[in-house]
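Visitor: Letter by letter, the chains look like this.
2 protein chains.
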Amino acid sequence: MYRIDCLQFANWSEQIFTEMRDGGVDAVHVTIVYHEDFRETVAEFSKWNRWSEEFGHLILLGRTAADIDLARSTNRTAIFFGFQNPSPIEADIDLVEIVHTLGARFMQLSYNNQSLLATGCYEDDDPGITRMGKEVIREMNRVGLVVDMSHSADRSTIEAADLSERPIAVTHANPHAWHPALRNKTDEVIRAVTGNGGMMGFSLYPHHLKDKSDCTLESFCQMVYNAAETYGVEHFGLGSDLCQNQPDSIVTYMRVGRWTKGIDYGEGSAAAPGFPPQPDWFASNLDFVNIERGLGEVGFSDDDVAAVMGDNWYRFFAENFGPVS
Amino acid sequence: MYRIDCLQFANWSEQIFTEMRDGGVDAVHVTIVYHEDFRETVAEFSKWNRWSEEFGHLILLGRTAADIDLARSTNRTAIFFGFQNPSPIEADIDLVEIVHTLGARFMQLSYNNQSLLATGCYEDDDPGITRMGKEVIREMNRVGLVVDMSHSADRSTIEAADLSERPIAVTHANPHAWHPALRNKTDEVIRAVTGNGGMMGFSLYPHHLKDKSDCTLESFCQMVYNAAETYGVEHFGLGSDLCQNQPDSIVTYMRVGRWTKGIDYGEGSAAAPGFPPQPDWFASNLDFVNIERGLGEVGFSDDDVAAVMGDNWYRFFAENFGPVS
Numbered sequence: 569m570y571r572i573d574c575l576q577f578a579n580w581s582e583q584i585f586t587e588m589r590d591g592g593v594d595a596v597h598v599t600i601v602y603h604e605d606f607r608e609t610v611a612e613f614s615k616w617n618r619w620s621e622e623f624g625h626l627i628l629l630g631r632t633a634a635d636i637d638l639a640r641s642t643n644r645t646a647i648f649f650g651f652q653n654p655s656p657i658e659a660d661i662d663l664v665e666i667v668h669t670l671g672a673r674f675m676q677l678s679y680n681n682q683s684l685l686a687t688g689c690y691e692d693d694d695p696g697i698t699r700m701g702k703e704v705i706r707e708m709n710r711v712g713l714v715v716d717m718s719h720s721a722d723r724s725t726i727e728a729a730d731l732s733e734r735p736i737a738v739t740h741a742n743p744h745a746w747h748p749a750l751r752n753k754t755d756e757v758i759r760a761v762t763g764n765g766g767m768m769g770f771s772l773y774p775h776h777l778k779d780k781s782d783c784t785l786e787s788f789c790q791m792v793y794n795a796a797e798t799y800g801v802e803h804f805g806l807g808s809d810l811c812q813n814q815p816d817s818i819v820t821y822m823r824v825g826r827w828t829k830g831i832d833y834g835e836g837s838a839a840a841p842g843f844p845p846q847p848d849w850f851a852s853n854l855d856f857v858n859i860e861r862g863l864g865e866v867g868f869s870d871d872d873v874a875a876v877m878g879d880n881w882y883r884f885f886a887e888n889f890g891p892v893s
Numbered sequence: 569m570y571r572i573d574c575l576q577f578a579n580w581s582e583q584i585f586t587e588m589r590d591g592g593v594d595a596v597h598v599t600i601v602y603h604e605d606f607r608e609t610v611a612e613f614s615k616w617n618r619w620s621e622e623f624g625h626l627i628l629l630g631r632t633a634a635d636i637d638l639a640r641s642t643n644r645t646a647i648f649f650g651f652q653n654p655s656p657i658e659a660d661i662d663l664v665e666i667v668h669t670l671g672a673r674f675m676q677l678s679y680n681n682q683s684l685l686a687t688g689c690y691e692d693d694d695p696g697i698t699r700m701g702k703e704v705i706r707e708m709n710r711v712g713l714v715v716d717m718s719h720s721a722d723r724s725t726i727e728a729a730d731l732s733e734r735p736i737a738v739t740h741a742n743p744h745a746w747h748p749a750l751r752n753k754t755d756e757v758i759r760a761v762t763g764n765g766g767m768m769g770f771s772l773y774p775h776h777l778k779d780k781s782d783c784t785l786e787s788f789c790q791m792v793y794n795a796a797e798t799y800g801v802e803h804f805g806l807g808s809d810l811c812q813n814q815p816d817s818i819v820t821y822m823r824v825g826r827w828t829k830g831i832d833y834g835e836g837s838a839a840a841p842g843f844p845p846q847p848d849w850f851a852s853n854l855d856f857v858n859i860e861r862g863l864g865e866v867g868f869s870d871d872d873v874a875a876v877m878g879d880n881w882y883r884f885f886a887e888n889f890g891p892v893s
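Line by line, the protein sequences give chains A and B.
Residue numbers for the first sequence follow my numbering, beginning at 569 and rising by one.
Residue numbers for the second sequence follow my numbering, beginning at 569 and rising by one.
If we strip away everything but chain A, and leave its shape as in the complex, we get (with noise of 0.2 angstroms):
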């Protein structure tokens, strides 16, 4: 059984890349953009570089399913590198390979706001993948670069679902029936996700979770178990959005960008404006335990409670992270 995380954007450091092996955490795909440019996006990659390099005991930079197994067998957790937007493309197709190249293998359509490929969850209205996106949709599908929808509108997601000749992800959403949050997933958009062979993780993100931070372990995994009844167990894993030791300038930053010189509260409040109190059953990744525990006792067999920890992405990316053989 693997252990695999498909969203995490930590304030990365020692202790957490430790807890990530004390938490038994196999692979871990980590957001490296918000907002970025290609140039500053080279930066990110190369703060990672710096980071293997220190702590090449406790985490591998990986390329491949592949590397999650060789990073197992030297006790050490795979980093797979994401992006939330699709600013690091700018708007030139061709470095859409050249993000692959450096190691990205997940990139959102957009994030929130519209972007030049499609339209995010905060927007009015929605017409869906643009010209340049059905181009890049296509670019991606040839190398190798996962669509995430996770903070895309919902035509969009579903056109992203349609048009793509490869499965696509939602990384870290939760269903909108179940929390009727604006980043929550509508059964429309669930069923085109995964009725064209994608995958959706959950997220453990307060705003993301019925009741938010006093969330039980018991609702998420029932949550769980329903959605796996509903559209097929193997169609779902783990995308925490565990922003573990982050300042609320980062969710600020995350929201705010350089797009608007005044101030947008997202999910949050004026009242409530920072990184919500995770739920006490999941504030680490040392915590994973508990989420596997609660799955095996809502109803999940074995079995299925190793697809939902991670078997499932680990299949995904085996057969995502590169071009069609």
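Hints listed in this document are in silico derivations from the structure and should not be mistaken for laboratory results.
By construction, the Cβ of each residue, glycine as well, lies at the ideal position given by its N, Cα and C atoms.
It cannot be assumed that every hint is accurate.
Stated by the list, open to error - Here are a few chain B residues that face chain A, going by a calculated C-beta distance under 10 angstroms:
1) E621
2) H625
3) S655
4) K702
Stated by the list, open to error - Derived pair list, reagent style EDC-like, types lysine to aspartate or glutamate, alpha-carbon separation capped at 20 angstroms:
5) A/K829 / B/E733
6) A/K702 / B/D692
7) A/K778 / A/E835
Unchecked claim - Residues on chain A that point at chain B, a partial pick, calculated with CB under 10 angstroms:
8) S655
9) A659
10) D662
11) Q682
12) V704
13) K778
14) S781
Given chain A, put chain B in place with the hints provided.
Guide: Frame of chain A; chain B shown alone:
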């Protein structure tokens, strides 16, 4: 009477600057960006600094309408800069003031395709001005960078005209009712732009002309007359879209940029992919005299001929090229 052309993108040379003088052209709004990012845009400003150094006896880099008078009194043509795409500001609202300081006076919110701000006229669907677009319009209003919607889709254009607290422009297009090109503007769009105090420049680009390269001077001038009667002569000028001496590779770059690895023919076709020939009565800066004569012949008063030939643009530049005083 001023003679002002509110859009050209020639293959600039001493020959063309000399023709501007010989043709009595007081000011030209020149496009310096189709797809360039910020750093590349800076290189375009630099090119003009060099031309200004070399050809300072023919041209003057203009910042305000008063520079047009300075240019006239020293027998030169004032050059004003514009972008046909918001790509120079990337995803950074603070770059609006930076590009204005560097001399930009017009910026299109989109060029054919969807941008971060607005929709282009070649997209299937137009959701209007985006979240970032609303913020950027406010910032453009503040510094005095004119919103140009020449290549934008209808709903985006109407929303921009309504949202902008200062008049906007369609620097180069004609009425759709005269010639139903995708780039020409419907009555509803012209009414929104002019009804909010904005300006439209009539294009001499053959794809925007009735009968294209065979368009007659009389047909063009009659169209101008009808528009002036319908919306008010004070809202119109010229924006020739003259692309003199450009190789066909340039029109391909305009259409394709780096957003597709394929080919897009835009207003052309596989059979006729290049620049179409200009009508024989408007081939260079020497030919504004023909239009001036033609406008008189369709019944405009001398004052109204002067208004269309440049006085309206002079007033618009005077009112919109800096902070509200």
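Visitor: With chain B as the partner, please determine if A/K778 meets the hint condition of a C-beta pair closer than 10 angstroms.
Guide: violated, 28 angstroms
Visitor: Verify the interface restraint on B/K702: the C-beta must sit less than 10 angstroms from at least one C-beta of chain A.
Guide: Result: holds, 9 angstroms to nearest chain A Cβ.
Visitor: For the restraint on A/D662, tell me whether the closest CB of chain B is nearer than 10 angstroms.
Guide: Hint on A/D662: holds, closest Cβ of chain B at ~6 angstroms, below 10 angstroms.
Visitor: Could you check if A/A659 really has its C-beta closer than 10 angstroms to a C-beta on chain B?
Guide: holds, 6 angstroms
Visitor: Taking the closest Cβ pair, is A/S655 under 10 angstroms from chain B?
Guide: holds, 6 angstroms
Visitor: Let's test the interface hint: is any C-beta of chain A closer than 10 angstroms to that of B/H625?
Guide: With a closest approach of 37 angstroms, the B/H625 hint is violated.
Visitor: At a threshold of 10 angstroms, is the proposed contact between B/E621 and chain A supported by beta-carbon distances?
Guide: violated, 30 angstroms
Visitor: Verify the proposed pairing of A/K778 with A/E835, using a straight-line Cα cut of 20 angstroms.
Guide: holds, 14 angstroms
Visitor: Sort out whether B/E733 lies within 20 angstroms of A/K829, counting only the CA atoms.
Guide: The given pair, whose Cα atoms are some 17 angstroms apart, holds under the 20 angstroms limit.
Visitor: Need the status of pair A/K702, B/D692: alpha-carbon distance at most 20 angstroms?
Guide: Measuring from Cα to Cα gives roughly 12 angstroms; hence the hint holds.
Visitor: Can A/V704 be said to touch chain B, with a Cβ gap under 10 angstroms?
Guide: holds, 8 angstroms
Visitor: Should the interface hint for A/S781 be scored as holding, given a Cβ-Cβ cut-off of 10 angstroms against chain B?
Guide: violated, 28 angstroms
Checked against the numbered hints given earlier, this structure breaks hints 1, 2, 13, 14; the rest are met.
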